[in-house]
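Visitor: Okay, here's what each chain looks like letter by letter:
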Amino acid sequence: MKNTALTDTHIALGAKMVPFAGYNMPVQYEGVNIEHEAVRTDCGVFDVSHMGEFLIEGEHALDLIQSVTSNDASKLTIGKAQYSCLPNDEGGIIDDLIVYRVKENTYLLVVNASNIEKDWNWISSKNTFGATMRDLSEEYSLLAIQGPNAVEKMQALSSHDLSEIKFYNFIVGDFAGIENVIISATGYTGSGGFEIYCKNNEVKQIWDKVTEAGAKPIGLAARDTLRLEMGYCLYGNDIDDTTSPFEAGLGWITKFTKKFTNSENLEEQKKKVLKRKLIAFELDEKGIPRTGYDIVDGQGKLIGKVTSGTMSPSLKKGIGLGYVSPVFSDFGSKINIQIRKNAVPATVVKLPFYKG
Amino acid sequence: MNIPADLKYTKDHEWVKIEGDQITVGITDFAQSELGDIVYVEVETLDETLDAEEVFGTVEAVKTVSDLFLPVAGEIVAFNDSLEDEPEKVNTDPYGEGWMIKVKVSDVASLDSLLSAEDYKAIIGA
Chain A
1 MKNTALTDTH IALGAKMVPF AGYNMPVQYE GVNIEHEAVR TDCGVFDVSH
51 MGEFLIEGEH ALDLIQSVTS NDASKLTIGK AQYSCLPNDE GGIIDDLIVY
101 RVKENTYLLV VNASNIEKDW NWISSKNTFG ATMRDLSEEY SLLAIQGPNA
151 VEKMQALSSH DLSEIKFYNF IVGDFAGIEN VIISATGYTG SGGFEIYCKN
201 NEVKQIWDKV TEAGAKPIGL AARDTLRLEM GYCLYGNDID DTTSPFEAGL
251 GWITKFTKKF TNSENLEEQK KKVLKRKLIA FELDEKGIPR TGYDIVDGQG
301 KLIGKVTSGT MSPSLKKGIG LGYVSPVFSD FGSKINIQIR KNAVPATVVK
351 LPFYKG
Chain B
1 MNIPADLKYT KDHEWVKIEG DQITVGITDF AQSELGDIVY VEVETLDETL
51 DAEEVFGTVE AVKTVSDLFL PVAGEIVAFN DSLEDEPEKV NTDPYGEGWM
101 IKVKVSDVAS LDSLLSAEDY KAIIGA
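As given, the protein sequences belong to chains A and B, one line each in that order.
Going by our numbering, 276 is the number at position 276 of the first sequence; the sequence numbering is gapless.
Going by our numbering, 31 is the number at position 31 of the second sequence; the sequence numbering is gapless.
The hints are simulated quantities; they were obtained by calculation from the structure and are not laboratory data.
This list has only true hints and no planted wrong ones.
When the alpha-carbon atoms are kept at most 30 Å apart in a straight line, the in silico DSBU-like pairs for lysine-lysine are as follows: (1) Lys102(B) with Lys17(B); (2) Lys17(B) with Lys286(A); (3) Lys89(B) with Lys355(A); (4) Lys104(B) with Lys341(A); (5) Lys286(A) with Lys89(B); (6) Lys341(A) with Lys102(B); (7) Lys301(A) with Lys272(A); (8) Lys17(B) with Lys104(B).
Chain A extracted, bound-state conformation (with noise of 0.2 Å):
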């Protein structure tokens, strides 16, 4: 099992860890809801450099990124970050990623780490344009300092305007005394706040320096429920290899203003009724749906899985996201989950669960 430049810090603090993505990882320090809490209403920061990074560089770099990616790549300027996936060639997904423009010809692209091998292999197999690949990934940290009070809390370690970094968008600058990292306002919370990408061996002085400033280290079981009381997909679980963008409401970065994998067919499937969609769900009664539970009508024919379920911390009821058939999946539609022995009543209901 691979470390990260900061897993003894971790174990220092008293983190439970746990294996993720074959990585010691802090799953929670103090308690998922403290945690959650705290970057709900304050401050935050995850070690999440178990990510992969991988730079492209070349003349024709964003046509290799253009070619395998769904969404448009060519409307990013220097500075700015893209959501976007990898579609395969059967219809599904290869991994979501974030694409960065660090130069004119220079993109970053920060994939998830179980796929960071798929990812790599797949993308070298397109590369017929002589784009220049590193894969990264051993060699950088990612740190996520999130929540309302990120920006005021960690302005004092940096000499650049923090809130004049507006969303999705990023510079290089220096931060916590160390010079070029990326602080770019980026996140998988919603509750606002920056990542910042540094080398190994600078990432333990940006660590002790942020928590120093106010921020409370949070683990990944936070992180996931930050993220499902957002609705923000997880590989693996919302979205995998079978999983069409459309389905899983990712219409938004499927983008046919050029060519990429599959995307003729994806445009067909665009025209057409889709055959399940991703829901997201809020429990009537008492409950907690989980991943892999069925999805039932009325009368307790299946109708679909749980694909991420949890109760939520901040709206004390469980919420879950799952695939049902397109007749079930409009806002108000009445669905049970199977909660073991019992049917639960449950609403589907417009994202994000958690408003603000």
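Start from chain A and add chain B according to the hints.
Guide: Showing chain B alone in chain A's frame:
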């Protein structure tokens, strides 16, 4: 780790307080700390008579679900329904306000199979 010497235990990390032919059952301090923040305790077997090792309920933490196993055969005669609104009592006071059920034991001799505090400590390496 708090493991009171006057209680009995199971390998499934439950504690048992014996009062004649009635027992009170909850989960141990070790169990609650492993589960993390507990958000739901479901017991739908009130008034049922179950065998030892049968599932009498479920405890849900934010990230995990665990079945609750009846330590010995008997009838579930009470459920701590205050846990419906305050499941966090299982975290804060596992041996007190976090108790889960009371059971009328079918055969008092079956209680001899329960673990002592020392035996349980050995199991969890405390």
